[in-house]
Amino acid sequence: MSRLQVVSGKGGTGKTTVAATLALSLATEGKRTLLVEVEGRQGIAQLFETEALPYEERKIAVAPDGGEVYALAIDPELALLDYLQMFYKLGGAGRALKKLGAIDFATTIAPGLRDVLLTGKACEAVRRKDRSGRFAYDYVVMDAPPTGRITRFLNVNDEVAGLAKIGPIHNQAQAVMRVLKSPETAVHMVTLLEEMPVQETADGITELRSAGLPVGRIIVNMVRPTILDEPELDLAHAVPRTALAKTLSNAGLGGARRGGLAERLVDPLLQQADEYAERFALEREQRAVLTDLGLPLHELPLLAEGMDLAGLYELATELRQQGIS
Amino acid sequence: MSSPDPAPTHDDKASTDHTDTGSSRALKHVPVLEVDPLLDDPSTRIVVCCGSGGVGKTTTAAALGLRAAERGRKVVVLTIDPARRLAQSMGIDALGNSPRRVKGIEDAAGGELHAMMLDMKRTFDEIVEAHADPDRAAAILGNPFYQSLSAGFAGTQEYMAMEKLGQLRARDEWDLIVVDTPPSRSALDFLDAPKRLGSFLDGKLIRVLMAPAKVGGRAGMKFLNVGMSMMTGVLGKLLGGQLLKDVQTFVAAMDTMFGGFRTRADATYKLLQAPGTAFLVVAAPERDALREAAYFVERLAAEDMPLAGLVLNRVHGSSAAQLSAERALAAAENLEDPRIVDQQDGKAGLRNSPDTYGSSEPPSSDASVPDAGSPASTDQDRSIEQLTAGLLRLHAERMQLLSREQRTRDRFTARHPEVAVAEVAALPGDVHDLAGLRDIGDRLAANGPEYAEEREARA
Numbered sequence: 001m002s003r004l005q006v007v008s009g010k011g012g013t014g015k016t017t018v019a020a021t022l023a024l025s026l027a028t029e030g031k032r033t034l035l036v037e038v039e040g041r042q043g044i045a046q047l048f049e050t051e052a053l054p055y056e057e058r059k060i061a062v063a064p065d066g067g068e069v070y071a072l073a074i075d076p077e078l079a080l081l082d083y084l085q086m087f088y089k090l091g092g093a094g095r096a097l098k099k100l101g102a103i104d105f106a107t108t109i110a111p112g113l114r115d116v117l118l119t120g121k122a123c124e125a126v127r128r129k130d131r132s133g134r135f136a137y138d139y140v141v142m143d144a145p146p147t148g149r150i151t152r153f154l155n156v157n158d159e160v161a162g163l164a165k166i167g168p169i170h171n172q173a174q175a176v177m178r179v180l181k182s183p184e185t186a187v188h189m190v191t192l193l194e195e196m197p198v199q200e201t202a203d204g205i206t207e208l209r210s211a212g213l214p215v216g217r218i219i220v221n222m223v224r225p226t227i228l229d230e231p232e233l234d235l236a237h238a239v240p241r242t243a244l245a246k247t248l249s250n251a252g253l254g255g256a257r258r259g260g261l262a263e264r265l266v267d268p269l270l271q272q273a274d275e276y277a278e279r280f281a282l283e284r285e286q287r288a289v290l291t292d293l294g295l296p297l298h299e300l301p302l303l304a305e306g307m308d309l310a311g312l313y314e315l316a317t318e319l320r321q322q323g324i325s
Numbered sequence: 001m002s003s004p005d006p007a008p009t010h011d012d013k014a015s016t017d018h019t020d021t022g023s024s025r026a027l028k029h030v031p032v033l034e035v036d037p038l039l040d041d042p043s044t045r046i047v048v049c050c051g052s053g054g055v056g057k058t059t060t061a062a063a064l065g066l067r068a069a070e071r072g073r074k075v076v077v078l079t080i081d082p083a084r085r086l087a088q089s090m091g092i093d094a095l096g097n098s099p100r101r102v103k104g105i106e107d108a109a110g111g112e113l114h115a116m117m118l119d120m121k122r123t124f125d126e127i128v129e130a131h132a133d134p135d136r137a138a139a140i141l142g143n144p145f146y147q148s149l150s151a152g153f154a155g156t157q158e159y160m161a162m163e164k165l166g167q168l169r170a171r172d173e174w175d176l177i178v179v180d181t182p183p184s185r186s187a188l189d190f191l192d193a194p195k196r197l198g199s200f201l202d203g204k205l206i207r208v209l210m211a212p213a214k215v216g217g218r219a220g221m222k223f224l225n226v227g228m229s230m231m232t233g234v235l236g237k238l239l240g241g242q243l244l245k246d247v248q249t250f251v252a253a254m255d256t257m258f259g260g261f262r263t264r265a266d267a268t269y270k271l272l273q274a275p276g277t278a279f280l281v282v283a284a285p286e287r288d289a290l291r292e293a294a295y296f297v298e299r300l301a302a303e304d305m306p307l308a309g310l311v312l313n314r315v316h317g318s319s320a321a322q323l324s325a326e327r328a329l330a331a332a333e334n335l336e337d338p339r340i341v342d343q344q345d346g347k348a349g350l351r352n353s354p355d356t357y358g359s360s361e362p363p364s365s366d367a368s369v370p371d372a373g374s375p376a377s378t379d380q381d382r383s384i385e386q387l388t389a390g391l392l393r394l395h396a397e398r399m400q401l402l403s404r405e406q407r408t409r410d411r412f413t414a415r416h417p418e419v420a421v422a423e424v425a426a427l428p429g430d431v432h433d434l435a436g437l438r439d440i441g442d443r444l445a446a447n448g449p450e451y452a453e454e455r456e457a458r459a
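Which chain is which? The protein sequence lines are L and V, in order. Just so we're aligned: 167 in UniProt numbering is position 167 of the first sequence, and the numbers increase by one with no gaps anywhere. Just so we're aligned: 215 in UniProt numbering is position 215 of the second sequence, and the numbers increase by one with no gaps anywhere.
No lab work stands behind these hints: they were computed from the structure. Hints should not be assumed to be uniformly reliable.
[To be verified] Below, computed lysine-lysine pairings styled on BS3-like, alpha-carbon distance capped at 27 Å: (1) V:LYS103 / L:LYS165; (2) L:LYS181 / L:LYS129; (3) V:LYS121 / L:LYS165; (4) L:LYS129 / L:LYS31; (5) V:LYS270 / V:LYS74; (6) V:LYS245 / V:LYS121.
[To be verified] Here are some of the chain V residues that sit facing chain L, going by a computed Cβ distance under 7 Å: (7) GLY53; (8) GLY54; (9) ALA83; (10) ALA87; (11) SER98; (12) PRO144; (13) GLN147; (14) ALA331; (15) ILE384; (16) GLU385; (17) ARG393; (18) HIS395; (19) ASP430.
[To be verified] Facing chain V, from chain L, some residues (calculated, C-beta under 8 Å): (20) THR13; (21) LEU163; (22) GLN199; (23) PRO268.
Yeah, the Cβ is synthetic: ideal placement off N, Cα and C, and Gly gets one too.
Go ahead and model the full structure; you've got the sequences and the hints to work with.
Below you can see the structure in the form of structure tokens.
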């Protein structure tokens with residue numbers, strides 16, 4: 001299992017939830033994972049029901065068997081000052097740069113540089129070791145930018161290495177790319193069983209591959225349960241409405257005669273079944289498209305009660321059972 | 001900043017106490033966003049659709065554009081990143097960076113629909129070509145730093161979308177422009193873009209970067225010069241000599257254009273605040289999407305940007321809402337009860353599994369289906385029971401979804417009771433043709449008062 005797990009996906013597919021689930025499911029048997037947020041939305045804090053995360057690695061969850069999940073919301077400005085201090089011992093000059101607006105420039109006007117800092121910080125956490133020489137984190141899980149930007153985001157250091165042909169930035173950029181392009185990294189795609197996210201997933205995978213970035217798994221999120229199978233859906237069309245009305249009536253739902261509750265329920269219920277059938281067929285098509293991509297495929301169920309901390313643990317258990325770790 | 005005032009929430013609660021039961025509670029108090037009057041009003045010149053990723057922004061923008069055109073307006077839709085099939089259906093899948101007329105719309109009302117997909121790099125190149133003399137333009141376009149920047153480091157999209165909007169407005173060929181906004185990391189990047197650009201251009205950094213080219217030799221600037229060459233020294237160490245040189249030549253070459261950039265960015269920003277602009281926040285009835293929507297509403301208010309309302313996509317309904325999830329599930333369990341499975345010789349009424357001893361017979365025991373006489377038909381009965389149970393479970397799932405959506409929306413409404421809402425009922429599949437867009441447009445407009453009866457009938 002790669003030590004840097006990058007989670008991307010189309011907007012709205014729940015990639016933050018999946019990244020958090022993954023971090024929790026990898027924290028087995030005393031392992032320690034770091035969940036990294038790069039888009040400044042504080043989605044992780046909301047998911048784990050804690051206050052906003054500062055730019056600091058802090059423990060946010062404990063797995064059932066003693067594993068630990070740490071989280072870090074990277075603040076690009078602080079990351080830059082950090083970086084200047086770490087590599088160039090430029091504490092004072094950093095402040096001067098800030099006064100000039102250079103930090104602002106680097107982190108907002110030229111967002112490419114921001115991406116350099118974000119990927120750089122994540123790679124630093126991957127490589128970091130404690131005094132005994134053990135890795136500080138067994139896994140680093142990154143809640144990364146969406147599919148449309150992921151390749152560019154991860155590849156930004158290649159671009160930088162091309163721009164800065166020599167010097168410390170060049171070397172640092174190359175070091176980051178070495179991690180990102182190695183088997184130490186896996187980029188996972190989160191999708192839904194809908195046409196657009198699946199299409200984006202396929203396109204995203206092609207892009208990642210052509211950039212030489214290691215593609216990991218596909219995680220289908222919010223999968224709805226199968227409630228009616230195909231024979232049942234066929235039967236729904238064949239069966240006389242009166243028989244359905246009678247059955248509903250027998251189940252205690254009012255009269256089956258014309259105008260009775262059971263009778264009035266038949267049409268709406270059949271209409272909902274038609275909508276379900278249409279979706280069911282679409283989902284099957286999309287699942288086939290995903291299967292054809294030939295990557296390990298995981299499915300996480302839609303939680304009927306909505307997403308909360310308990311749900312996160314439930315999904316993590318599910319992911320573990322599907323053999324993610 | 002404008003922290004949400006809790007007071008209106010309490011007032012709202014108090015006035016609704018007596019009706020605080022059904023799912024229609026919040027709906028009654030939410031003002032309705034009427035799309036048709038907005039689109040028909042000739043003083044509406046720009047409609048901006050914003051919202052977080054994956055909520056159907058692009059589809060909403062395209063559907064609004066189509067509807068306005070079919071109602072007689074001359075419309076251009078600026079999309080940022082449309083789904084491939086949607087782009088194909090509108091004929092804008094090829095890059096062109098200028099609007100094309102969309103064929104196949106109903107033009108009886110005399111309207112026209114044009115659409116375009118933003119090409120960031122082309123837009124940037126065009127600005128350079130339009131505002132710099134040929135030599136300088138060539139120098140800029142060939143500069144490696146420029147090439148990286150313009151090809152779309154995240155963020156450039158926002159500047160360019162705003163730039164394009166300004167251009168389209170300046171051409172004055174359309175009486176309505178509908179804009180889709182980029183799928184940003186922070187949804188309001190496009191609002192911040194002009195300001196950031198402005199503060200950057202006014203900043204000292206620019207002067208530092210241009211220091212070697214500009215400051216040298218000017219008496220009285222000596223002291224400043226020393227400070228600056230120290231700074232460029234630091235930057236050189238940081239960036240590497242070549243990159244710094246690239247950045248410096250880039251900045252120097254762009255120098256003459258900066259004024260123009262700034263003026264246009266300011267003009268576009270003002271345009272967004274002008275009365276002819278209407279912002280629509282697009283969301284789906286999901287927690288994250290509505291949280292972003294609330295953030296949007298607050299930011300737009302803080303920036304004095306005119307908000308027309310919230311478009312809530314993918315809202316689910318049920319025409320059997322009188323049957324609750326709990327009751328549907330209980331009935332389904334009733335039908336799936338294992339006692340009924342035990343049928344050996346096909347005679348109806350043989351439901352003799354142990355747990356029926358002495359207990360009251362289930363109501364369905366002998367009356368289940370009166371014509372159940374033959375062995376074949378009991379099998380059939382069994383499958384019908386199972387099917388019915390499935391239909392009820394499906395309904396329960398739908399009702400749970402409905403109440404989850406309602407809770408999420410209530411939370412938004414409590415925070416922003418003033419925001420008008422237009423709901424769009426969920427479709428089972430994706431939209432990728434004009435007919436689908438037209439359907440969405442109908443659903444968007446079906447929130448107006450003239451459709452109230454239709455809604456009642458559906459409920």
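Each hint, compared with the structure:
1. V:LYS103 / L:LYS165: violated, 50 Å
2. L:LYS181 / L:LYS129: holds, 21 Å
3. V:LYS121 / L:LYS165: holds, 24 Å
4. L:LYS129 / L:LYS31: Between LYS129 of chain L and LYS31 of chain L the Cα gap is close to 14 Å, so the pair holds against 27 Å.
5. V:LYS270 / V:LYS74: OK: LYS270 of chain V and LYS74 of chain V at ~23 Å, within 27 Å.
6. V:LYS245 / V:LYS121: Since the Cα atoms of LYS245 of chain V and LYS121 of chain V sit roughly 23 Å apart, the hinted pair holds (cutoff 27 Å).
7. GLY53: Holds, about 2 Å.
8. GLY54: holds, 2 Å
9. ALA83: Given a least distance of 5 Å, the restraint on ALA83 of chain V holds.
10. ALA87: At about 12 Å, which exceeds the 7 Å cut-off, the nearest Cβ of chain L leaves the hint on ALA87 of chain V violated.
11. SER98: violated, 23 Å
12. PRO144: PRO144 of chain V check passes; min Cβ-Cβ to chain L is 6 Å, inside 7 Å.
13. GLN147: Result: violated, 9 Å to nearest chain L Cβ.
14. ALA331: Holds, because the Cβ-Cβ distance from ALA331 of chain V to chain L comes to roughly 4 Å (cut-off 7 Å).
15. ILE384: Where the cut-off is 7 Å and the nearest Cβ of chain L is about 5 Å from ILE384 of chain V, the hint holds.
16. GLU385: Holds: closest Cβ of chain L sits about 6 Å from GLU385 of chain V, inside 7 Å.
17. ARG393: holds, 5 Å
18. HIS395: holds, 6 Å
19. ASP430: With a closest approach of 4 Å, the ASP430 of chain V hint holds.
20. THR13: holds, 7 Å
21. LEU163: Status holds, d = 5 Å.
22. GLN199: For GLN199 of chain L, the interface hint holds, since the closest Cβ of chain V sits about 7 Å away, which is under 8 Å.
23. PRO268: Holds, because the Cβ-Cβ distance from PRO268 of chain L to chain V comes to roughly 4 Å (cut-off 8 Å).
Violated hints, listed in ascending order, are 1, 10, 11, 13; each of the other numbered hints is respected by the structure.
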